[in-house]
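K.L.:
Number 450 in the numbering used here belongs to position 3 of the sequence shown; there are no gaps in the numbering.
It is worth saying that the hints were derived from the structure and are not from the lab. This structure is a prediction, so every number in the text was calculated from the model and none was measured. Treat the hints loosely; a few may be bogus.
In silico DSS-like links for lysine-lysine, alpha-carbon gap of 25 Å or less [unchecked claim]:
#	residue 1	residue 2
1	K654	K540
2	K619	K587
3	K654	K545
Per label pair, the in silico range of CB-to-CB distance [stated by the list, open to error]:
#	residue 1	residue 2	range
4	G583	A541	46 to 52 Å
5	A479	S575	41 to 47 Å
6	P588	T457	34 to 40 Å
7	A541	P588	47 to 53 Å
A virtual CB, placed ideally from N, CA and C, is assigned to each residue, including glycine.
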Amino acid sequence: MYQPPAFRETDTGMQQAFIAAHPLGLLISGGAAGLLANPIPFIIYPNEGAHGTLRAHLSRGNAQWKELAAAPDVLIVFQGAEHYITPSWYAQKAVDGKVVPTWNYAVVQARGAAQIVDDAAWLLANVSALTDQQEGRRSKPWSVADAPDSFVAAQLRGIVGIEIAITSLEGKFKASQNRPEADRHGVVEGLAAETSPDAAAMRELVKTRGGV
């Protein structure tokens, strides 16, 4: 990943927390069938291994898991806030007009080798953990145990697990840090005038990362 120093995030804890907050990762692999990419929800276990361990499951109908058995190296991309940045928000525009549009975004990339897991107990634990993670914030959370045991067992037969010991993590938080302070203030004000949740999320990232 292209990494200008101003945008690089090297803190492992920060990277892991980002993955936990944005668990839908793009699982990318290459094998006999060429490049494959699928959006897959992951759970990160930060204290397992040097950089943490990722666990997830794929449908048996998804050919990627068979490719991973032969070519296990993967790249998983976790995407956070992103937003177009117009040069109209920069104070520099009024000075000399030497400004261009850009795109701000936050992303973490994880690499490792995928291990295929075909064990009902492992799969049940993983599916339950993923469900609990997402349902826990709801007023009436649904649990895997709410479904009939026979139904759950049948569903588990339709999936396979993957476990990835992370060998490297890269974080990139592009949030106008390379712009002068006046321009960063302009970006924050411009994003505040937008109405989308994406704009609000990027506004907070620019404030945090840009010291505005």
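K.L.:
Now tell me if each hint is right for this structure.
P.N.:
So, going through the hints one by one against the coordinates:
no. : hint                      : result
1   : K654 <-> K540             : holds (20 Å)
2   : K619 <-> K587             : violated (36 Å)
3   : K654 <-> K545             : holds (23 Å)
4   : G583 <-> A541: 46 to 52 Å : holds (48 Å)
5   : A479 <-> S575: 41 to 47 Å : violated (34 Å)
6   : P588 <-> T457: 34 to 40 Å : holds (35 Å)
7   : A541 <-> P588: 47 to 53 Å : holds (52 Å)
When the structure is compared with the earlier hints, violations turn up for hints 2 and 5 and for no others.
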